[in-house]
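Chemist: Sequence:
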Amino acid sequence: MPSSTFANDHSESIRHVVCFKFKKEAKPEDIQKVENAFSALKNKIDGILSLEWGKNNSPEGLNKEFTHCFIVTFENAKAREVYLPHPDHKAFVAILKPILDDVFVIDFTP
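Note that this note's numbering has the sequence shown beginning at 66, numbered continuously upward.
Keep in mind the hints are simulated off the structure, nothing from the lab.
Derived DSSO-like pairs: lysine-lysine, alpha-carbon spacing no greater than 27 Å straight-line:
1) Lys86 - Lys162
2) Lys92 - Lys155
3) Lys129 - Lys162
4) Lys120 - Lys86
5) Lys120 - Lys88
6) Lys109 - Lys155
7) Lys162 - Lys109
8) Lys120 - Lys107
9) Lys107 - Lys88
10) Lys129 - Lys86
11) Lys98 - Lys155
12) Lys98 - Lys129
13) Lys107 - Lys92
14) Lys143 - Lys155
15) Lys86 - Lys98
16) Lys120 - Lys162
17) Lys109 - Lys120
18) Lys162 - Lys92
19) Lys162 - Lys89
20) Lys162 - Lys88
21) Lys109 - Lys92
22) Lys120 - Lys98
23) Lys88 - Lys155
Take the sequences, apply the hints, and build the full model.
Modeler: Given below as structure tokens:
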């Protein structure tokens, strides 16, 4: 796991919420690769405090075909700035893009 280089910056943490809707023809094994690749970012990119994810299980039926939600907690805004252009994040996006139908992202400070 990378050690933090942001520890001296006591800014507020940032939650980065990402939800995916996969193409209808996406194969389960390709979706599994996305799950694994996104989950691995926690141990590859400095400044990520936590990363959790899950598949939609709401009985309300309001997910608009979005099936996967990932929540990344960054130490602060600087950590998010490092994450977005990071080569490991870009490599993850390359795995995701061929099977991605839609995505939405919401960031907030708790």
